[in-house]
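*Asks:* Now for the letters of each chain:
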Amino acid sequence: MRVTLLFFASLREQLGRPREELELPAGTATVGALREHLRSRGGPWESVFGPNKPVRAAVNLDMVQPTAPIKAGDEIAFFPPVTGG
Amino acid sequence: MKVSVQPQDFDLGAETRAICGSSKVGAVASFVGLVRDVRMTLEHYPGMTENAIRKIVDEAAARWQVMDCTVIHRYGDLEPNEQIVMVAVASAHRGDAFQACEFIMDYLKTQAPFWKKEHRAGGATWVEARASDEDAAGRWSKQGK
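Read top to bottom, the protein sequences are chains A and B. One point on numbering: in the working numbering, the residue at position 27 of the first sequence is 27, and numbering is uninterrupted. One point on numbering: in the working numbering, the residue at position 145 of the second sequence is 230, and numbering is uninterrupted.
Note that these hints are calculated values from the structure, not bench results. Note that the structure is predicted; figures quoted are calculated from it, not measured. You may find that some hints are simply not true.
[Claimed, not checked] On the chain B side, residues computed to face chain A include the following (Cβ under 10 angstroms):
| hint | residue |
| --- | --- |
| 1 | Gly-118 |
| 2 | Arg-121 |
| 3 | Glu-128 |
| 4 | Gly-132 |
| 5 | Glu-135 |
| 6 | Trp-211 |
| 7 | Val-212 |
| 8 | Gly-223 |
[What the hints assert, rightly or not] Some residues of chain A that are not near chain B, with every Cβ distance over 12 angstroms (derived):
| hint | residue |
| --- | --- |
| 9 | Glu-23 |
| 10 | Leu-24 |
| 11 | Ser-47 |
| 12 | Arg-56 |
| 13 | Thr-67 |
[Unchecked claim] A few chain B residues that face chain A, going by a derived Cβ cut-off under 10 angstroms, partial list only:
| hint | residue |
| --- | --- |
| 14 | Asp-122 |
| 15 | Val-123 |
| 16 | Arg-124 |
| 17 | Leu-127 |
| 18 | His-129 |
| 19 | Met-133 |
| 20 | Thr-134 |
| 21 | Lys-140 |
| 22 | Asp-153 |
| 23 | Lys-194 |
| 24 | Ala-214 |
Each residue gets a CB set at the ideal place from its N, CA and C atoms; glycine is no exception.
Pulled out of the complex, with its shape left as it was, chain B reads as follows (with noise of 0.2 angstroms):
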């Protein structure tokens, strides 16, 4: 399990690839998070933005088959188009890849210290949590397995 905050750019097809290495891995599931149409700088809590990634990998290992998995997530500026985040995880079959990606981006959303601030024509504005996020993350604790 791979856990990385940097600054700098990642590329997904090496990270796969890394995490491929069993045979008995079958399938891999991957996201990655672009910036939409905005500059913007990332601030992160160092040492804590790190432990709080690996409590949600650990959390999403104890629910799924994860055979291995990788998070980076970049901080600093960011141009529009940039890569922020990405996830890869692998496992046997596509359902727990899948589901396991999913659980751990929208927790990320939630519980990993990150902080957006858009720079626009009229200045710069820290983004604002959406509860849509929240609502995202809430759901994996009523759905079991």
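Next up, chain A with everything else stripped away, as it sits in the complex (with noise of 0.2 angstroms):
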């Protein structure tokens, strides 16, 4: 199952990517599985998604909770709480 990950703002800065596109490991069926799966990479991977941290996710444009599910071809964002305005 592939997706389309992207990556915004200090996230994007501290992982080294603005994107990347991913073979989803079995059994990785929400947003919030995929972001444990990224932070089990270590390195800065490890920092950005540590569990305190405060990442917000989207799923084809629309914000979403941990509990999202994820489909094959989805576009899956992560990125700090927004602040514009």
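Build the complex: two chains, separate frames, hints provided.
*Replies:* Below you can see the structure in the form of structure tokens.
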């Protein structure tokens, strides 16, 4: 199951990339599970996706909660709390 | 209803006049946000940003009488005192126009994917989200219309 990941603002800088194509490991069915999978990469991933880090997520352009399901072809974005206006 | 996410500046007067075309409009409330002291760069999530703002405008139109509305938010490099964002709401009466305008701004601050990076003498830093902005958006869910 392939998905596109996008990273914005401080996350993009800390992770050193704006996007990546990812083959999801079996059983990674929610945004929260994906976040855990990314955290397990270690290094900056461990700190960016640490349990107390206020990371927000969107699936296909809609802001979602960690329980939101993900499926093949989804565009999944991770970013810090927004600061526009 | 007009939503625009753009690098270029906007003319509040022209945008306000543009939503007053109907003789049923009796009130227009508008808000403009400016850059305070520090030069900044605004990043956004193309596609989602417009989507998120449209949803906020739709929600405002479901709660109050909104005859027309324009939201413009800039991105890119901005200098102190430059305009960042404007919201203008046209309605028959001022109550709906004021409330819808404030609601749209409060939700925009917590739901629209923009991030500010400030450029100070010591280097560039990302602005942290403020709990008070979450509180401002949260109060609309408790209170009815």
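*Asks:* Confirm or reject each hint.
*Replies:* Taking the hints in turn, this is what the structure says about them:
1. Gly-118: With a minimum Cβ separation of about 6 angstroms from chain A (threshold 10 angstroms), the hint on B:Gly-118 holds.
2. Arg-121: violated, 12 angstroms
3. Glu-128: With a closest approach of 5 angstroms, the B:Glu-128 hint holds.
4. Gly-132: For B:Gly-132, the interface hint holds, since the closest Cβ of chain A sits about 5 angstroms away, which is under 10 angstroms.
5. Glu-135: holds, 9 angstroms
6. Trp-211: holds, 5 angstroms
7. Val-212: holds, 5 angstroms
8. Gly-223: violated, 14 angstroms
9. Glu-23: holds, 23 angstroms
10. Leu-24: holds, 21 angstroms
11. Ser-47: holds, 15 angstroms
12. Arg-56: The assertion about A:Arg-56 is violated, with a minimum of 8 angstroms to chain B.
13. Thr-67: About 18 angstroms separates A:Thr-67 from the closest Cβ of chain B, which puts it past 12 angstroms; holds.
14. Asp-122: Cβ of B:Asp-122 sits 16 angstroms from chain A, so the hint is violated.
15. Val-123: violated, 13 angstroms
16. Arg-124: With a minimum Cβ separation of about 15 angstroms from chain A (threshold 10 angstroms), the hint on B:Arg-124 is violated.
17. Leu-127: holds, 7 angstroms
18. His-129: With a minimum Cβ separation of about 7 angstroms from chain A (threshold 10 angstroms), the hint on B:His-129 holds.
19. Met-133: holds, 4 angstroms
20. Thr-134: holds, 8 angstroms
21. Lys-140: With Cβ-Cβ at 8 angstroms, under 10 angstroms, it holds.
22. Asp-153: violated, 21 angstroms
23. Lys-194: Constraint on B:Lys-194 satisfied, holds at 4 angstroms.
24. Ala-214: holds, 3 angstroms
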